[in-house]
Every structure is written in structure tokens, then in C-alpha cells.
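Visitor: Top line first, the protein sequences correspond to chains A and B. All residue numbers for the first sequence refer to this note's numbering, where the first residue is 558 and numbers rise by one. All residue numbers for the second sequence refer to this note's numbering, where the first residue is 2 and numbers rise by one.
Hints listed in this document are in silico derivations from the structure and should not be mistaken for laboratory results.
Listed below are the simulated DSS-like cross-link pairs for lysine-lysine, each with C-alpha atoms no more than 27 Å apart in a straight line:
id: 1; chain 1: B; residue 1: K62; chain 2: A; residue 2: K681
id: 2; chain 1: A; residue 1: K959; chain 2: A; residue 2: K930
id: 3; chain 1: A; residue 1: K651; chain 2: A; residue 2: K668
id: 4; chain 1: A; residue 1: K959; chain 2: B; residue 2: K62
id: 5; chain 1: A; residue 1: K687; chain 2: B; residue 2: K62
id: 6; chain 1: A; residue 1: K1009; chain 2: A; residue 2: K959
id: 7; chain 1: A; residue 1: K908; chain 2: A; residue 2: K892
id: 8; chain 1: A; residue 1: K907; chain 2: A; residue 2: K930
id: 9; chain 1: A; residue 1: K868; chain 2: A; residue 2: K934
id: 10; chain 1: A; residue 1: K681; chain 2: A; residue 2: K696
id: 11; chain 1: A; residue 1: K861; chain 2: A; residue 2: K930
id: 12; chain 1: A; residue 1: K1035; chain 2: A; residue 2: K856
id: 13; chain 1: B; residue 1: K203; chain 2: A; residue 2: K791
id: 14; chain 1: A; residue 1: K861; chain 2: A; residue 2: K817
id: 15; chain 1: A; residue 1: K995; chain 2: B; residue 2: K62
id: 16; chain 1: A; residue 1: K668; chain 2: B; residue 2: K62
id: 17; chain 1: B; residue 1: K62; chain 2: A; residue 2: K728
id: 18; chain 1: A; residue 1: K868; chain 2: A; residue 2: K930
id: 19; chain 1: A; residue 1: K733; chain 2: B; residue 2: K62
id: 20; chain 1: A; residue 1: K923; chain 2: A; residue 2: K934
id: 21; chain 1: A; residue 1: K698; chain 2: A; residue 2: K687
id: 22; chain 1: A; residue 1: K631; chain 2: A; residue 2: K698
id: 23; chain 1: A; residue 1: K733; chain 2: B; residue 2: K101
id: 24; chain 1: B; residue 1: K203; chain 2: A; residue 2: K585
id: 25; chain 1: A; residue 1: K651; chain 2: A; residue 2: K687
id: 26; chain 1: A; residue 1: K681; chain 2: A; residue 2: K728
id: 27; chain 1: A; residue 1: K879; chain 2: A; residue 2: K856
id: 28; chain 1: A; residue 1: K791; chain 2: A; residue 2: K769
id: 29; chain 1: A; residue 1: K1035; chain 2: A; residue 2: K995
id: 30; chain 1: A; residue 1: K631; chain 2: A; residue 2: K769
A partial selection of chain B residues facing chain A, derived with a Cβ cut-off under 7 Å:
id: 31; residue: V165
id: 32; residue: G173
id: 33; residue: I178
id: 34; residue: V287
id: 35; residue: P292
id: 36; residue: R305
Remember, predicted model here, so these are calculated numbers, not experimental data. We put the beta carbon where it would ideally sit given N, CA and C, even for glycine.
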Amino acid sequence: MQNKFFIFSFIFLLSFIQFSCAPKNNSKRIIVASSGKVESLDPARVTTLKSFQLLASLGDTLYELNSNGELVPKLASGMPIVSDDKLRITINLKQNIYFHDGTQFDADAMKFSIDRFRRIGINKYILGDKIDFIETPSKFKLVLNLNEPSSSINALLTSINLTPISPTFYKDYSDKFLNDNFIGTGKYFLSNFSNEKQLIEPNPRYWGVKPKNYGINFIGYENSSSLYGALKSKQIDVLLSNSIEDIQRNELNLSSKENKIKEGVAPETQITFISLRTNIYPFDSLNIRLALSKSINRKLISEKVSYNLRKPLRNIVPPIFKESNQNLWPEYNPKEARILLEKEGFCNGKKLNFPLTYRSNVPSDKLISLIIKEDIKNYLSDCISIDINGVESTTMYKNLSKGAYPAAIYDWTGLYSDPEAYLKPLLSCSEIVENTCKDGESVLSGSFWGSKQIENLFRESDSMLGNNRLNNLLKIEKIASESIPYIPIWISSQRAWSQKKISEPIFNGAGIISLSDLEFLNE
Amino acid sequence: MSRNLNKLLNYSLLKVSLIPLMLWIISSLVFILLRVAPGDPVDAILGSGANEVSREILRNKLGLNESLINQYFSYINDILHLNFGQSLSTEEPVLNIILKSLPASLELGFFSILSAMLIGFPLGFLGLVNRGKKTDYLVRIFGIATYAIPPFWGAMLAQLLLSVYLNIFPIGGRFPIFQQQPQITGFLVLDSILSNNIIYLKSCLYHLALPSIMLGLLLSGIFSRSLRVNLDKTLRSDYVNAAICRGISRKKIFLNHALPNALLPIFTISGLTIASLAGGALLFEVTFSWPGIALRLHEAISQRDYTLVQGIVIFTSMIVVSLNLFVDILVAFLDPRIEY
Chain A
558 MQNKFFIFSF IFLLSFIQFS CAPKNNSKRI IVASSGKVES LDPARVTTLK
608 SFQLLASLGD TLYELNSNGE LVPKLASGMP IVSDDKLRIT INLKQNIYFH
658 DGTQFDADAM KFSIDRFRRI GINKYILGDK IDFIETPSKF KLVLNLNEPS
708 SSINALLTSI NLTPISPTFY KDYSDKFLND NFIGTGKYFL SNFSNEKQLI
758 EPNPRYWGVK PKNYGINFIG YENSSSLYGA LKSKQIDVLL SNSIEDIQRN
808 ELNLSSKENK IKEGVAPETQ ITFISLRTNI YPFDSLNIRL ALSKSINRKL
858 ISEKVSYNLR KPLRNIVPPI FKESNQNLWP EYNPKEARIL LEKEGFCNGK
908 KLNFPLTYRS NVPSDKLISL IIKEDIKNYL SDCISIDING VESTTMYKNL
958 SKGAYPAAIY DWTGLYSDPE AYLKPLLSCS EIVENTCKDG ESVLSGSFWG
1008 SKQIENLFRE SDSMLGNNRL NNLLKIEKIA SESIPYIPIW ISSQRAWSQK
1058 KISEPIFNGA GIISLSDLEF LNE
Chain B
2 MSRNLNKLLN YSLLKVSLIP LMLWIISSLV FILLRVAPGD PVDAILGSGA
52 NEVSREILRN KLGLNESLIN QYFSYINDIL HLNFGQSLST EEPVLNIILK
102 SLPASLELGF FSILSAMLIG FPLGFLGLVN RGKKTDYLVR IFGIATYAIP
152 PFWGAMLAQL LLSVYLNIFP IGGRFPIFQQ QPQITGFLVL DSILSNNIIY
202 LKSCLYHLAL PSIMLGLLLS GIFSRSLRVN LDKTLRSDYV NAAICRGISR
252 KKIFLNHALP NALLPIFTIS GLTIASLAGG ALLFEVTFSW PGIALRLHEA
302 ISQRDYTLVQ GIVIFTSMIV VSLNLFVDIL VAFLDPRIEY
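Start from the sequences and build out the full structure, keeping to the hints where you can.
Guide: Spelled out as C-alpha cells, the structure:
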């Protein structure tokens, strides 16, 4: 009797806490959660997905990629005009656009923002020395003078890092970062900022289509379980995270199929692959690289690790940038892998030692390694001995260029929406000696593989446009697929989930959600 | 009496004089361990895609290309001037970051210790009163079990059960997402009282409840066990028996003779427990997205933000060392058996 009383009292107390203490959210604002903190809202400093997402709502870029991946003018009034020598790009700007501080957006403001990014931007390497100088011949005309023809410059103009900011407001911050405030031209303005929580309100003077909601509250949770739990228990309206674990991603995907929540999927842009160090034994042998490529059962990995939510990949350029979806890397075929390994003197008593390093702080990487190991045990146990090893991602990135890992799993997402943003960081090389890269991006990516033919094709593509350029870039991918410095595993996309009462999250071509389109459906 | 006070003063001065040495050892260890640890702040900031030129520029800007010995001397010199430097990743002064995050941790720590005492002491007393009975065994098992549960596991379990499944408590954070928090001292409970806003007070207590009660619950085992053991020992001592023989009432014996003596070792344990909170709260803050100093440390480590890690560790060490010093002096002052 006494025990029952205690249990009853305990339940009563918990219910009391819930109903009396829980603050009621009566506002019509939408709560969006994602992982981690926002350290900065300075376009020159932002590097995280969450910050990009916020900036995309607070500011506008010159151009935007729509969901079909096409370039659409935003602050620009038309498409960029390229001179005959391809060294001058003229951009006409829209008029009557104002920053949140009331000052007018014009070519000088755009020049100020680009120059500032070139000076202090953390990611300024994406522009490199492509731009020589910028001119503003009239109030609403911007001219970019390039050092050499660059076909990727158009895609770079969609970069959120180049979001224009008010020169008046940022006068004292032209050479340093302003982390906790942002004055741009976007649909929303920032009303409250802390590293954990950001509040944005609709901009009443916005020049374009007004937001469909009354404002957004952003919150950051530190781990995947908290994010998942917050959506499940309806404490948040929208969950946007790339770092949510695969098992929870699958649960949410299933819930969306049962119509309990809504799911939005971004274009697939993140590739996961194995980088092989091609300048040392055993991966200096093409046959061995080919054999390993044929030993990777991508379908099994996708099924067991990602519950088929990440697609097996046999290319390094995401399919959204191509017209045909032809797979270039060899498909899974352990029999052929065995023949190739036998040719190199392995199998029948002699095993190839395959040391595979993964990022220990990325759960899916470890699972990929384990699946590869078990699958190889099943079919090629007498040919390959796989030794898996975890290191923290920061450590891996530092040591890749030092050649510390004969084979390493990691991922890459292009910093701008263009095939070049995948090919150059993985394949370009500034100093090549007999197919070995001594200096360049390929060293940083850990493959140390270089090809003079590829460098020539990169140079050619800089002075090409449209389909010619695309075909040229795809030739580069084809050459890489024949030499296999990397083994692609899968391609994944960002996902976002919303409660049933909220509209479905829609991504644009750059993987950014249009927050202004989120709305309560029962209004 | 004055001779005793002089002795105590000498004892305190001796203890205080050891603080700089301890802090120097700690700060040097932190410096060496961070440099020995693999990883580079430049990679953490730029990611894997940046080219070598950009890396080199940033490395120079952050002063990471200086020789280690130069870095060490400039680091020690800065600490001597109480300058913890700037965060490598945000360029914000480290002291600002610490002062912004500290109130959240202190608030959580205070309420956790309070919960631990409120849960632990009555249970310890209950066990003692029912010595050798079922209740005593249950309290002992509870004490050992709470002490043995890893804090991160307890936190995750509580979050899953009470926040996700039962939806009684919030998942994390210090304040409701849809309200603007008061900003006076950084201690939200205090700020809500100062701003005379009962809704704010209710909101922040509601967010504080789960992490602090859960952390308190996990720490309560130490308090219940130590009270049970020390009180038992004191109640069996000769001077308590003598007091009983003199006919002093049991209540007076308990309150005036037994309890003060039993509480002395608990002072020391409390000091150590508060010190252990600095480490134990880390995973709690991560699980509950509690924006305290431990969470900042966790992020700084993953970003290889050397200056921030060094700053937080030294600052926390200062607090722990000062607290232990205070407890040592207090116990020495209260307990005449201690010689110094």
C-alpha cells in the first residue's frame, strides 16, 4: 500500500513538473535544430554547414543554384557577361536593394565584400589568385578582372562566403572578423545571437518574395541522440543535420514513409572514398589498386551501414553535375580481383597487407572498414590481409599529406557547385615526377598521384564553357578511373526533417534549405 | 589561541606557496601534451581541402611556426600576466570565452552538489538508523551503484527516458528556445530573480532540473556512504559513550557531539567531489548541450584550439587548487586533532 502511494506520488510529481514548469511555446516561430554551435556569422569566416544555412537566410548572393543545379541571378540582374578573351566578367546588379542597416546595396558594397574575403577569408583559397582586381565602372555594374581564364568563377559567385555585407556597418571590420552580428540584404535579419541559439526575424524591407513564417529560432545540440530525441519528442519543428547517425537517419526516414514526419533531401554532393598512396609499395601497382577496387562491395556497404540511404558510387564527380550517369570505376568482382592479385604474386600463401585507416570520430567510417574487412575475409581471405585502424579526423587531415596512411577513408564535398570542385582538390598537382605528385592538391589528399595529361586538361577547361568544358572535365575523371588513385564508396546527401504541422524542407542546388518557405500548415 | 592562529597562518602560507609550483607543472604539462598530441589547429580550421599556401599563411598568423621553446616562453610569460591569449579558431580572447561559459558550469555544479547532499545525507542517515536491516542494505547498494554508474551513461539514459520517451524534461540547453534569456550576471537562476521574472525562473529551473538532479544522484552515493560510515564510527566512539553515561540527551549527543565530528571528513570529500565535477561534468554538458566550460573544452580539444584548451585547463586548475586549499585550511581550523 505504502509502495503504491510512493509510486503514485512520483508519477504525480513528474506530471506536475511537466504541466506546470514546461514553458509553452505559443509563438508562431519555427524552431530549427542542428548540430554544434555557430562560432561566427562573418561570411569571410564561416566554414560550417549550419553557419552557411543561417547566412543564406540573412543575406543574398549574386547568383544561386536552383534545385536543378542551374545558375539563377539573385542580386545580379542578369547572367555574367564574359569578354572574348575570357579575362573580364561583367555583372550588372539589381537596384533598390537595401542592407538591414538601411544603406543601399551597390557595386561598391559588392567589391568591398569580395575584396575583404580575398584579404581575410578563411576559405579564400577557393578564389586563389583567380581575380586580379575588381572595377566598379558604374553604381550597379561590377567587373571582375581575372589573372587567367577561369570557367569555375561563375559557380564561385554562388558561394555564401561572397555574400555582400554593408560597408558602412563593417567599416571597422574590414580587416577583422565580426562574429556575432550580420548585416546583409537577406529575407531575415538577425535579432539575437549566441553561439548556441540564434533568432532571425523577417526583413520587412526585403526586395523579393517575403518569408512564409514569422521568424526562425535556431538551436544547436551537441550530439546526434539529442537531435533525434528533440524531433521525436516534438521539442523542435525542423531537424537539419548532416552529422546525425545512420541508424537514426534510417529511423527518421522510416517515420517519414509512415507519414509521421516530413523529409527533405538535398542533391547528393558528399562523396566518401578510399585514398590510396600510389607512390609506395604495394599501391604503386595499378593491378593491385584495380584489384582492391574490385574487392569493395559498395552495395553491401550501403545496405549494412546506411540502410541504403547513401548510394553506392563508382565516380568521383557527383551525378548531378553530369548528363549521363555512367559508372567509371570497376564494379565489385572478387573473382577478377583474385586473378589480378595472383598476377602480382599474391594469394596461395602470400597475402597482400592492406592497412586501412578510418576517422574514428565518424561512426560510419568504422562500419565501412569493418564491412570491407569481413567481406574480404569471405572471398579473398587467402589473398588480402586487412588491418583497420582508427585515427581522429583532425589527425588524419594533418597526416595525409605526410604520406602517413597507405589507404585512408574520408569524404569530400565540393566547396562550390561544379565538377572542378571535386576534381581539382583530388587530382591536381603542380609538380609531377613520373606519375608521382611531389607538390599539390593530390599530395594533400594523400594519393600522391599526378598526371601531366590531367594538368593539361585542367588548363584547357579553364578557357572553355558549357558542354565542351564539362566533357573536358569528365575526361579527367575517366583518366582517374583508369589509374585508381581513389576508390569511391558512396555518395550521400543532406537530409532535413520537419514535424507534420510544418511544410516539407526544400533544398536548393547547393544543399541549403529555403527557410523562408517553411510554414505552419494549419494556418 | 594566538599561537594556534599563528601556526594556522604559517600552515596556510606554506600551502599557498605551493600553488604557483602546481600551476606551473600543470600548465607545462598541458603545453607539452597538446603539442605531442596529433592533429593541427590549421587542419581543424581549414579542413582537408585547403592548399599548402593557405595552411602556411594561417600557421604563421597563429604563431605556430615559431620554435616550440619560443612558443613555451611566450605562453608562460602570458600566463604570468594573466593573459590567456586569443582562441585560435574564433580569435576571441580566451578569458572572455571562459567568463561567458563559467556561470553555466558553476550553476550546474552548485545545484548538482545541492541535489547530491539532499539525496545523499538523508539516505545515509536512513541507512544508519536502520543498521543491519533491509533498508540499510538497499541504501548501501544505491550508494555503490550510483557511484559506479558512468556519468555519460546515466545522463544518456535519463535523457532518453525522461526527455524523449516521457517528454517531461527538455532535451538540453539552459533556457527555452523561444524565449530570450536574461543577461545580467550569466547565472540564469540569479538573473531571473534579479529581473523579478517568475516565468524566467521557472523556465531555467525546468532546464536545470534534469542535468543537476541526475548529476546529483550520481554523486549522492559518495555523500550517503561517507555520512553512514563516519557517523557510525563517531556514534561508537568513547566520547559519545561517555556523554551517554553522563545522561546527556540522545538528541544533544547527536547534534552537538557526533554530527559535527562526522561531518569533518565529509568537508574533505566535498572538496574532492567538486574538483571531480570539473571532469565529470564534461560528458554531462555534452549530453545535455549545456553551454558550460566543460563543453567549450570538449569543442576546443576537437578543434585543436591550443590556447583555449590551455586557458580552460589552467583556469579550472586554479579553481580546483584554490578550493582544495580552502578545504584543507578549513578542516585544519575546525579539527583540533590536525597538527600543522
